[in-house]
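S.K.: The chain contents come next:
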Amino acid sequence: MRPEVALPVLLPLLSGAISLLFWRSRPMQRFIAVAGNIAFLIVSLWLFTTTLSEGYVTMQMGSWPAPFGITLIADMLSAVMVLMTGIIGLAMGIYSLATTGRGHEKFGYYPLMHLLLAGVAGAFLTGDIFNLYVWFEVMLVASFALLILGGERAQMEGAIKYVTLNLLASVIFLTAVGLLYGTVGTLNMADIALRMNAVEHNGMVEVLAVMFMVAFGIKAAAFPLFFWLPASYHTPPVAVSALFAGLLTKVGVYSLFRVFTLIFDQSMGYLQEIMLWGAVLTMVTGVLGAAAQYEFRRILSFHIVSQIGYMILGLALYTPLAIAGGVFAIMHNIIVKTNLFLISGITHRLQGTYQLKKMGGLYKERPWLAVAFFISAFSLAGVPPLSGFFAKFVIVRAGIEAEAYVVTAIALGVGLLTLYSMVKIWNEVFWKSLPEDNQVPESNTPSGDDGRLIKPSLWMMYLPVVVLALFSVLIGILAEPIMHVMTTIGDQLLAPRGYIDAVLGVSASAEDALLIPSELQVEIISGGDAP
Amino acid sequence: MEPVMALAIGIMYATAIFMMLRRSIVKLVIGLLLLSNAANLLIFTTAGMTRGAPPLIPEGMVQPMGDVADPLPQAVVLTAIVIAFGVLAFAVVLIRRAYEVVKADDMDKMKDTDT
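For the record, the sequence lines run as chains A and B.
Residue 417 in the working numbering sits at position 414 of the first sequence, with consecutive numbering throughout.
Residue 1090 in the working numbering sits at position 40 of the second sequence, with consecutive numbering throughout.
Mixed in with the good hints there might be a few duds.
Unchecked claim - Simulated pairs of lysine to any residue, SDA-like, Cα-Cα distance not exceeding 25 Å:
no.: 1; chain 1: B; residue 1: 1153; chain 2: A; residue 2: 147
no.: 2; chain 1: B; residue 1: 1159; chain 2: A; residue 2: 147
no.: 3; chain 1: B; residue 1: 1161; chain 2: A; residue 2: 64
no.: 4; chain 1: B; residue 1: 1161; chain 2: A; residue 2: 292
no.: 5; chain 1: B; residue 1: 1153; chain 2: B; residue 2: 1073
no.: 6; chain 1: B; residue 1: 1161; chain 2: A; residue 2: 154
no.: 7; chain 1: B; residue 1: 1161; chain 2: A; residue 2: 297
no.: 8; chain 1: B; residue 1: 1077; chain 2: B; residue 2: 1146
no.: 9; chain 1: B; residue 1: 1161; chain 2: A; residue 2: 156
no.: 10; chain 1: A; residue 1: 109; chain 2: A; residue 2: 156
no.: 11; chain 1: B; residue 1: 1159; chain 2: A; residue 2: 155
no.: 12; chain 1: B; residue 1: 1153; chain 2: A; residue 2: 154
no.: 13; chain 1: A; residue 1: 164; chain 2: B; residue 2: 1142
no.: 14; chain 1: B; residue 1: 1161; chain 2: A; residue 2: 438
no.: 15; chain 1: B; residue 1: 1159; chain 2: A; residue 2: 296
no.: 16; chain 1: B; residue 1: 1161; chain 2: A; residue 2: 298
no.: 17; chain 1: A; residue 1: 109; chain 2: B; residue 2: 1149
no.: 18; chain 1: A; residue 1: 427; chain 2: A; residue 2: 416
no.: 19; chain 1: B; residue 1: 1159; chain 2: A; residue 2: 199
no.: 20; chain 1: B; residue 1: 1159; chain 2: A; residue 2: 154
no.: 21; chain 1: B; residue 1: 1077; chain 2: A; residue 2: 230
no.: 22; chain 1: B; residue 1: 1159; chain 2: A; residue 2: 227
no.: 23; chain 1: B; residue 1: 1153; chain 2: A; residue 2: 106
no.: 24; chain 1: A; residue 1: 109; chain 2: A; residue 2: 461
no.: 25; chain 1: A; residue 1: 164; chain 2: B; residue 2: 1073
no.: 26; chain 1: A; residue 1: 361; chain 2: A; residue 2: 294
no.: 27; chain 1: B; residue 1: 1161; chain 2: A; residue 2: 148
no.: 28; chain 1: A; residue 1: 164; chain 2: B; residue 2: 1064
no.: 29; chain 1: A; residue 1: 164; chain 2: B; residue 2: 1143
no.: 30; chain 1: A; residue 1: 164; chain 2: B; residue 2: 1162
no.: 31; chain 1: A; residue 1: 164; chain 2: B; residue 2: 1140
no.: 32; chain 1: B; residue 1: 1153; chain 2: B; residue 2: 1140
no.: 33; chain 1: A; residue 1: 164; chain 2: B; residue 2: 1104
no.: 34; chain 1: A; residue 1: 164; chain 2: B; residue 2: 1161
no.: 35; chain 1: A; residue 1: 164; chain 2: B; residue 2: 1154
no.: 36; chain 1: B; residue 1: 1161; chain 2: A; residue 2: 358
no.: 37; chain 1: B; residue 1: 1159; chain 2: A; residue 2: 292
no.: 38; chain 1: A; residue 1: 164; chain 2: B; residue 2: 1147
no.: 39; chain 1: A; residue 1: 109; chain 2: B; residue 2: 1161
Since the hints were derived computationally from the structure, they do not count as laboratory data.
Whenever a hint applies, use it, and build me the whole structure from the sequences.
M.R.: Structure representation (structure tokens):
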């Protein structure tokens, strides 16, 4: 019984349920949004420290022995991802207090936020591939509802694309799970990995790998499957945008990392080439798309796509160092991207628009906001000594060591173009003076509000921004201990034995015991000794 | 039995994709519905079909007599049906709201957020 593995899933579910009980009480829901997310952050820290000392933490749900029951497992990758979820969850809980309109709060904004976090944490921690699908759906349904809260035309149009493509990805994923079960006869990921060795490598394995790649590729917004993202991420209220930008695509990337290191480790072959060039094209199209935009949040949305490319590049290079760099990029991007969206929310509150052309003069007005943006933006572009520099440095170094010179050169060039986009925002929003035709609203209202004027409670918006910007600097300063954790992740992912042993028990993966699990299964099913 | 099922599933996937490629959002949702049902049937079929042998243990025995059907894919399909039901219920409400806002049942009229 290891409660720390289950708690990151259970706590947000519980907060969501309690929040639902207080449907009519706005103060209670707001209180739970913060208190529940603080508790979530604490348990994710607990999970992180335990995993750091033990390597793997597993728990069999209902004490059904693996591979029959559902396994929850945290390795370093899961633990880091859950910790990031905790940090972002708390930041969003506080930020939402100031930005969410009453209309949204009345229709269940906070319960949905908790549910979304539960889905994300569940996806990171499950060790069962069908259970992963279920958590994906939990997360998706919550995100659908959050996306359309408010019901403006742009939201509806964005939501239709978002819903359709994500459901399509889910069905492809489900189909692949069905075919995988038909091939290996188990749903436990560790057990699948074990039996994949025994499966004859006919075309079926490649088909399965491609189906998983497409399904997670859509969810991660990789080229050429990313079109739903820039069409929808700029439409909801900014807190929702930030939450999505920070976490949702990363769940897709996480699943790619998990499936393509654990299950399809031997059958990479030409798939690796596809993934490599897919990653390169993701980086390039994302950054070029951003260069053409003049809407704050759309620029940032395209940069999500571009950054996803770096993460997948880390996976596609497939060396321990590259994977460490890829995970470093995920971690850094979750913090920085969320923060940029949060800043766009503040500038929107101050100037009433997301159009860069209509904004300006904020450097003079709000110098500290400019500093926070400067840190996040230049971190995204990979300027030392901020967090993005080390993520990029590790990936580039891994690329050179793997002698993938062209790919590495493109990755560096994309970094330069990222800088261009960020400088564009800097110039337009902070540096140039405010255009004369922009009427800055005297008292601002949160977007989606019913027109009621409220006093801008900016400190609740500034607090998460400042803290996340500090995190970005801290990750840069503490790069060495963090890199140590990332190296552990790279080693763990490329040596799936540890994961398999942790789930199935130590003896299961010994070379000569390859056939024992299936015999065991027959015995347990037919012997009637099952619990 | 399997070849018939395979054929039926193939037709369902094809129909679903055809429907999803139409411009009407109603047909889009019908396509999604067919697609999720096709996936459920696929899981059911690939896991192996056993006729007339429910996975039940007769009273007084500790193991089933002879071969029985695999209960796991049934549990999986059941879960998937429930999820698909919930999600499609949402999708139906979504297209209704979208129709009210956009006043058109046409994907081509919903390109405002693309550029």
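S.K.: Please write out, lowest number first, the hints stated earlier that are contradicted by the structure.
M.R.: Those not satisfied are hints 3, 14, 19, 33 and 39.
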